[in-house]
Amino acid sequence: MSIDTETARRVAKLARIKVEEAALPALASEFNAILGFIEQLNEVDIDGVEPMTSVTPMRLKRRSDVVTDGNQQAAVLKNAPDAREGFFAVPKVVE
Amino acid sequence: MLDLTYEAPKAKVIAGATGDWELVIGMEVHAQVATKAKLFSGASTEFGAEPNANVAFVDAGMPGMLPVINEGCIAQAVRTGLGIKAQINLRSAFDRKNYFYPDLPQGYQISQLFHPIVGEGEVTVEMGNGTARRVRIERIHLEQDAGKSIHDMDPHMSFVDLNRTGVALMEIVSRPDIRGPEEAAAYVVKLRQILRYLGTCDGNMQNGNLRADVNVSVCRPGDYEKFAATGDFGHLGTRCEIKNMNSMRFIQMAIDYEARRQIAILEDGGKVDQETRLYDPDKNETRSMRSKEEAHDYRYFPDPDLMPLEIEQAWVDDIASSLPELPDAKKARFMSAFGLTDYDASVLTAEVENAHYFEEVAQGRDGKTAANWVINELFGRLRKEGHDIDDCPVSPAQLGGIIDLIAKGEISGKIAKDLFEIVFTEGGDPAAIVETRGMKQVTDTSAIEAAVEQVIAENPAQVEKAKQNPKLAGWFVGQVMKLTGGKANPAAVNEIVAQKLGL
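From first to last, the protein sequence lines are chains G and W.
Going by numbering that gives the first Met the number 0, the first residue of the first sequence is number 0, and it counts up by one from there.
Going by numbering that gives the first Met the number 0, the first residue of the second sequence is number 0, and it counts up by one from there.
I should point out that these hints are in silico values taken from the structure, not numbers from a laboratory.
Any given hint could turn out to be false.
Unchecked claim - Computed Cβ-Cβ distance ranges for the label pairs, DEER-style:
1. G:Ala32 - W:Arg248: 19 to 29 Å
2. W:Gly63 - G:Glu49: 50 to 60 Å
3. W:Phe113 - G:Gly47: 14 to 24 Å
4. W:Lys9 - G:Val43: 54 to 64 Å
5. G:Ala32 - W:Asp19: 56 to 66 Å
6. W:Asp304 - G:Ala32: 40 to 50 Å
7. G:Gly47 - W:Glu352: 49 to 59 Å
8. W:Asp19 - G:Gly47: 28 to 38 Å
9. W:Asp19 - G:Val43: 17 to 27 Å
Ideal Cβ placement from N, Cα and C applies to all residues, glycine included.
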């Protein structure tokens with residue numbers, strides 16, 4: 000797989016990261032280097048090897064169905080650039 | 000279980016200018032999991048709280064916060080899977096679906112694309128006249144709900160409430176087995192019924208706790224059968240997905256509109272674009288959601304914050320052993336144990352609360368009589384008041400008491416309705432009310448005879464007419480009932496009137 004400038008532009012847009020036009024070719028080439036390394040990993044024979052999901056034998060931690068959090072409207076809104084009447088206020092988004 | 004001698008119903012056919020078209024429909028139903036807390040946080044799922052009150056920092060996507068799964072949500076998903084006879088996957092995993100939207104502060108939704116918790120199952124959707132569609136379920140996966148954006152509070156801003164963010168949803172994905180708008184609505188009704196019986200989703204569509212995405216395509220007669228035989232989607236038309244429907248009526252209208260739109264394009268020599276559309280009930284049309292198209296590249300990958308979810312068969316078996324009687328089984332039992340018609344059994348089992356109520360009334364009594372009273376009198380009266388069975392002023396014991404009084408011949412059917420009205424509006428013990436208000440049926444023949452004789456004596460002209468035309472005897476019966484305040488036993492009155500008039 001090879002990443003061209005157009006793909007790099009698209010990935011940046013999907014990730015909402017602003018990349019100057021001039022920086023795109025270098026970014027594409029870095030992506031290619033990373034993918035090249037991953038392709039190299041494909042050469043390893045992993046037939047019959049379970050994917051490792053944790054380095055220690057751990058089980059997914061669970062919580063009980065109990066309300067233990069919330070009721071902190073002010074704290075939740077504290078970092079919002081704009082908040083009104085308990086809501087986050089954002090530029091209009093409408094279908 | 001129900002006698003499954005069902006025929007499959009016919010697919011809906013729409014006549015086009017160039018021949019007939021058939022519909023092919025698949026659905027993705029999003030059902031909010033009934034739990035106290037959210038899928039990965041300890042914040043409440045309660046509807047109607049102050050904006051942003053039910054938000055943990057995990058839900059707000061604060062840096063460094065880690066999700067911890069709610070065991071209650073896992074149990075509810077398993078329970079739902081068992082309720083639709085589905086395979087339960089002892090190992091499932093969570094993935095991130097990446098997109099940006101103001102009501103999704105994490106920048107991704109945690110979902111289960113690759114390894115869902117529930118695999119293949121099925122739902123039987125009865126369509127009347129002994130027909131039923133067996134809709135296969137492809138999978139059910141757990142995922143997070145998004146928040147809510149409100150667009151009409153300010154001309155330039157949208158307001159975002161994260162209370163719903165992170166609440167657990169079950170996405171129930173069907174195969175394209177549904178063949179018409181009515182079937183689609185009936186499928187949602189049936190699914191909702193099963194979820195409510197299981198107690199895994201409250202099914203409240205108004206609050207958005209149950210909503211459906213509908214995939215619609217059209218094909219020529221015969222094409223669907225080719226698809227069914229080969230599994231090759233190439234035999235079917237290009238589908239469009241109508242998002243976020245939360246009304247049975249709109250689901251049907253949207254499908255009908257969308258099918259006709261696609262047929263018009265195809266018959267004009269055009270081509271249907273696969274896209275996401277939104278239904279506008281005010282205009283009765285669907286329109287493209289272009290913004291969604293752009294974001295369609297979700298770049299799914301396994302969520303590194305969450306290990307695979309492993310559950311034990313013994314735990315699944317535990318849940319299976321606690322499943323309630325489900326709608327199909329309950330309906331079949333009501334028909335066989337209480338002698339109810341298919342229709343009455345369907346009405347009584349539609350809502351589990353109604354079924355419980357009926358069963359209490361019917362216990363030890365005649366099932367058909369109990370069904371008539373519950374369906375006609377009780378439901379009719381509740382509907383008039385806008386009440387549910389939950390806030391019904393008449394208890395099953397009270398209604399049962401009224402039925403007992405009729406069975407014992409203590410009150411007539413007509414008086415019973417008056418008595419029901421009194422119990423409904425004022426409450427009280429039916430037997431005591433009958434006693435204190437003198438509503439008891441007169442079965443004493445001598446009292447009835449006296450009343451009949453009085454009416455005959457006062458109406459000699461009518462007596463002459465009745466002798467010519469025996470049908471007029473009914474008038475005398477009516478007069479006697481009036482004279483006795485409706486308390487005379489109608490059968491006895493009939494008999495005595497006929498006898499005294501010499502008919």
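CB-CB spacing for W:Glu352 and G:Gly47 relative to the 49 to 59 Å hint:
Because 53 Å falls inside the window, the suggested range holds.
Quick check on a hinted range of 50 to 60 Å for W:Gly63 and G:Glu49, using CB atoms only.
violated (30 Å)
Between G:Ala32 and W:Asp19, does the beta-carbon spacing fit 56 to 66 Å?
At roughly 57 Å between Cβ atoms, W:Asp19 and G:Ala32 fall inside 56 to 66 Å, so the hint holds.
Given a hinted range of 40 to 50 Å, is it respected by the beta-carbon distance of W:Asp304 and G:Ala32?
violated (27 Å)
Kindly confirm whether 17 to 27 Å is satisfied by the beta carbon distance between W:Asp19 and G:Val43.
violated (56 Å)
When you take the CB atoms of W:Asp19 and G:Gly47, is the distance between them in 28 to 38 Å?
For W:Asp19 and G:Gly47 the Cβ distance comes to about 53 Å; the hint is violated.
Do the Cβ positions of W:Lys9 and G:Val43 conform to the proposed distance bound of 54 to 64 Å?
holds (56 Å)
If you check the beta carbons of W:Phe113 and G:Gly47, does the distance land in 14 to 24 Å?
The hinted range 14 to 24 Å holds for W:Phe113 and G:Gly47, with Cβ atoms some 20 Å apart.
Go ahead and decide if the range 19 to 29 Å is satisfied by the Cβ distance of G:Ala32 to W:Arg248.
violated (56 Å)
The structure fails hints 1, 2, 6, 8, 9 (numbered hints given earlier, in ascending order).
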